[in-house]
Each structure stands twice: as structure tokens, then as C-alpha cells.
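Visitor: Protein chains in written order, with my numbering: chain D, 1 to 312; chain V, 1001 to 1232.
Check the hints yourself; a few may be wrong.
What the hints assert, rightly or not - Here are the computed lysine to aspartate or glutamate pairs in the DMTMM-like style, where the Cα-Cα straight-line distance is at most 25 Å:
(1) D:K155 - V:D1220
(2) D:K255 - V:D1168
(3) V:K1055 - V:D1220
(4) V:K1199 - D:E127
(5) D:K285 - V:D1043
(6) V:K1194 - D:E127
(7) V:K1194 - D:E124
(8) V:K1006 - V:E1217
(9) D:K132 - V:D1022
(10) V:K1090 - V:D1139
To be verified - Computed footprint of chain D on chain V; a stretch qualifies when at least three of its residues, placed anywhere within it, have a C-beta under 8 Å from a C-beta of chain D:
(11) 1022 to 1036
(12) 1094 to 1105
What the hints assert, rightly or not - Pairwise CB distance ranges, derived in the manner of DEER restraints:
(13) D:Q302 - V:G1002: 53 to 59 Å
(14) V:G1032 - D:D211: 24 to 30 Å
(15) V:L1007 - D:V308: 52 to 58 Å
(16) D:P119 - V:Y1012: 32 to 38 Å
(17) D:D211 - V:K1225: 31 to 37 Å
(18) V:D1139 - D:E152: 37 to 43 Å
(19) D:V308 - V:N1042: 36 to 42 Å
If you're looking for bench data, these hints aren't it; they were derived computationally from the structure.
Each residue gets a CB set at the ideal place from its N, CA and C atoms; glycine is no exception.
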Amino acid sequence: MGPDSCLRNDAQLERNDAHVQNGKIWKGHCSFGAISESLCAAPSRLFCLSVCPKVEGSDPFFCLSGSGGILPAAMALLLRQLSAAGGRRFSAGLAAASTRGVQTVALPDLPYDYAELEPVVSAEIMELHHAKHHQAYVNNYNVALEKYEAAEKKKDTHAMIALHGALRFNGGGHVNHCQFWENLAPEKKGGGELPQGPLADAIATQFGSLDELIKKVNAAGAAVQGSGWVWLGVNKDTGKLLVDTTPNQDPLVVKGAGLVSILGIDVWEHAYYLQYKNVRPDYLKHIWKVVNWRDVTRRYEQAMKARVAATK
Amino acid sequence: MGGPFKLPPLLYDMGALEPYIDAMTMKVHHGGHHATYVSKLNDAIKGKGELESMKLVDLSQTAIKMGPAVRNNCGGHYNHTLFWTYMAPKGSSITKPTGNLQAAIDKNFGSFDQFQTAFNNACAGVFGSGWVWLGVAEDGRLSIETTANQDNPLMDGVVLSQNTATGDRVPGTNGRKIIPFMGQDVWEHAYYLKYQNRKTEYFAAWWNVVNWNKICEYYDQYASKKLYIPVA
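This is chain D alone, in the form it adopts within the complex (with noise of 0.2 Å):
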């Protein structure tokens, strides 16, 4: 099989990765994740050998969704290594796309196992939803990135503007599931308890309660339609906590430049519904078990400190 008889046709791939088969260099990136979507060979923090899983018995290329972290040097180093194993030609715009200088981002490890977060959240939720969805998120966002840096260097203007919404989706997607995985813990390690402090405080005063907060932040997130996020954010102009959601993969900066979010829980169907189906009452009611208070506690107290600096 050949690069024709991929399901992606020519016009949705992309110049970044180089995809090798059968000894033709095929330059191509799927747009719709399809190589996140492949097997890792070698995983690593900086790139990993993947395989197409559209093509039998194609050969091994590099997944750049750690591209951040690659040093041109020992790219360099592993494609003519590889070179040199299979008397297979690799496109020097791999080489390159390590040394444009663009800041990419990368899939962050996630603070424990994909199992640890049981029976709340599976490990089989846990595993997709890092490594398939988040994973499609950083390696388009870093496509939109690259592509942002080559149109600003054209000054092209009307082609950077016409990225703004890759940027929004991937980019938020990629902010707001780092986010997510830091505000869960297993409970084990400190999920579900909140700490006294500066935060309980402000929730007892600004809700009553933190059973009154979980009514209003399940209320919010059971009411969203389609894919979107539950937040609870603090407000930096007035220093008070909110409630609220935002649709898709918006940040919740969206809704006002002065807010920040110390806690978001997904509600996109891919966070619950291999477990929870369509009752996402359930899933919204199960979640606070393995809420992160310690990191939420850290945020707004980062929140605030910065609000009181803004003041001074």
C-alpha cells in the first residue's frame, strides 16, 4: 500500500511530519490526528518513533509531538542512524522543522497513573483522554504555531488572523487539560479534601458551603450544551470567586481578561462516557472525590497575590 491509499487525502496534509513508507518519503501530517492517533514505538519526552496504524507495514517516522524538546543536533544524529539501518532517504524539512525556533508546546506527563483516579475516572478514560485527545490538541496546536510563525515572518496578516481559531481550539485545549490533570489527585493523595485556608474561607463566605458550591458548579456543567468546561474562576478586578462555563475548548479568559480559573472539570462526552454514558449528573457528582483542592487552594492563592501586586 501506498501513501494514495491513506484515508487522508493530499489536500489535508500538512509540511511538517515526514512520514516514510516503502522508502518514498511522503511529507504529510494528518490534520485530524491521525498520527497522534498511532502506536507509540519508543516513547520519550522529546519525540517518539510511531507507526502509521492506516498503512500496513509502513515504516517507522517520528511523531514531533515533543518537538519542544528536540535538539537539532541529535535529530540529526538519529535520522542519519536510521538512514543508515534501512538505506531509507529522510527529508531534510524534518532537520529543519526542529531548528525553525518555534516555542511548541508538549504533552505534559500527567502527576500519577491513569488507574490511580479509580473507580471515579477509568484508566481507560484517563489513558485516551491524555494521550489521544490531549495529545491532538499539542500536536495541532503546534501545526497552528509553526504555521502562525512562518505567516508573521510574511507579514501576512489576513493568514494569521486566519489561524486565530486553531490557535483558540488546539491552544485552549492544550491549556485547559494541563489545567485539568493538576486539579485531579487520587484520592489517596489528598482528592476530595479540601484544606482550611484562604480558599475554604471564600467559599464558605461567597456560597455558604462547599456542598452549595458543588450544587452550582454540577448545575453549570450538567446545563452545558454540547462540548464545553465547568469553571470555578476568581475574578482578579473584584477578588471574588464565580461560577461559570464556557463552550468548546475556550479558556475561561474568554469571558473576561481578569478572570482566572482555579478548577475546570470537562464535560466534553470524551471525559466520562465510556463510564458514565449520558448521565453526566453522575459523573459531575463522582468527580469532586478526586478534586485537587490542594492545587485549586494554590491557584487562588497565586490569583489573589497577583490581584494585590496589581494594586500596588
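Knowing the structure of chain D, use the given hints to seat chain V on it.
Guide: Same frame as chain D, but now just chain V:
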């Protein structure tokens, strides 16, 4: 005609669309999601005078004005009621459009394969939850359009084909108002139990259970005559 609305029964068994759509998905999608749209729609129109007796097609057109409860649940009920009929067990329907619809597809897309590719691309390009539609535009031409969440092209004021990750129009669509006669649910609940994040696999597999007999009928009897498909 009109409310209170009822969940229509499926015309085939829960497992009849296997292996392309699994029985558990059908069970939850129909008995869970669609059933909830029906009950919430009935709640939303109860005691609201004229709304209580409006036909679903008419209610749909005014749904955005009537607020989120009517919009989301009226859309959900209309969209899913017809969705079940766009599908049939493999082998029980012709596998491609014939007659007028075949001619229209060839004329507007070049060929059935090109239409399928465009439709699949539109499905993959939707960001978040929504639907992808094939419909007839005001000038009689066929057009693929998308809507967000449970919106559909019947709704006055609906935004068409701007629910894409790039923020632009979904590629291959025109953003034109259409009379839809075929639709694909791209909400994650439509495929997640079996396909998880591999949505493009689902979109490719779905064609195996598309009921072209019914869709040709919808085109001939309604859409090509500028009529919305009625739902009881």
C-alpha cells in the same frame, strides 16, 4: 400534531446496525439521549400557549427565538427522529442513491465518491458537538452544511458551517440555508462507546448503514420541492 411529543420507536432492533454502530450505542442514544430531548421539550412547551400545539417543523423554525430549552430539545428531537430513518440494517437498502438524487449528486459534487469524501471531511472538520447535513439550497443546488450542538438548518437565525477548528467555514460547505434531507450526528455520544476518539473510522463505517431508499424518498417528496421533512 404538536405536543406533547413522543419518542418514536426504532424501525429495527438495537443490534441491527452492527458492527458499524453497536447495540449499546443505539440503546443509549435512542433510549437515553433522544428520550431526554423529548421529555425536556415537552417540559419546555408546557403551559406556553401556542407552543404546545405547534408542529415540530414549525416549532423548529422559531426555536432559537424561544430560548435555549426549546432550541436544544426541539432540535434534538427533530434531528434524532429523522436520524434513525436515515439508517437501516446493511443489505436492506440500496447502497447508493438512484434517480433524481443520484443525478443531483453527480451534478453538484462530480460523483458519489466525491460527495462522500466532502461529507466525511465536513464531519471530521466540525469542532465540538454538532451535525452535518446534506440539503437543498434556495437555488435548488445540493449543499453540505454543518450546525453546532442540536441546531439544524430549519431554525431561523441559525449559524451554518462555522463550527470548525479553524474558526472559518467548514471546508466544502457554503454557509447557505438548506432544506436538509440527510444528516450525520457528530456528537461524541454517537460513536464513542465503539470508536472512542477514532471518529473518522466511524464516519467511514456509517455509510454501510445509510438508508438510500429513504433518503431518495426524502429528496423527491420534500427537499427538492422546498419542503422540510415533517415529523409527527
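Visitor: Determine for every hint whether it applies to the structure shown.
Guide: The hints, checked one at a time:
1. D:K155 - V:D1220: 51 Å, violated
2. D:K255 - V:D1168: Holds. D:K255 to V:D1168 sits at ~21 Å (cutoff 25 Å).
3. V:K1055 - V:D1220: 22 Å, holds
4. V:K1199 - D:E127: Holds. V:K1199 to D:E127 sits at ~17 Å (cutoff 25 Å).
5. D:K285 - V:D1043: 24 Å, holds
6. V:K1194 - D:E127: OK: V:K1194 and D:E127 at ~16 Å, within 25 Å.
7. V:K1194 - D:E124: Given that 25 Å is the threshold and the Cα spacing comes to 13 Å, the pair holds.
8. V:K1006 - V:E1217: 24 Å, holds
9. D:K132 - V:D1022: Distance of about 22 Å is within 25 Å: holds.
10. V:K1090 - V:D1139: Not OK: V:K1090 and V:D1139 at ~34 Å, beyond 25 Å, violated.
11. 1022 to 1036: Three-residue rule met by the stretch 1022 to 1036 of chain V, so holds; n is 4.
12. 1094 to 1105: Three-residue rule not met by the stretch 1094 to 1105 of chain V, so violated; n is 0.
13. D:Q302 - V:G1002: 53 to 59 Å: With Cβ atoms ~55 Å apart, the hint holds.
14. V:G1032 - D:D211: 24 to 30 Å: Given a distance of about 28 Å, which is inside 24 to 30 Å, the answer is holds.
15. V:L1007 - D:V308: 52 to 58 Å: 55 Å, holds
16. D:P119 - V:Y1012: 32 to 38 Å: 35 Å, holds
17. D:D211 - V:K1225: 31 to 37 Å: 57 Å, violated
18. V:D1139 - D:E152: 37 to 43 Å: At roughly 40 Å between Cβ atoms, D:E152 and V:D1139 fall inside 37 to 43 Å, so the hint holds.
19. D:V308 - V:N1042: 36 to 42 Å: Check failed, 52 Å falls outside 36 to 42 Å.
The structure fails to meet hints 1, 10, 12, 17, 19 from the earlier list, while all remaining hints are met.
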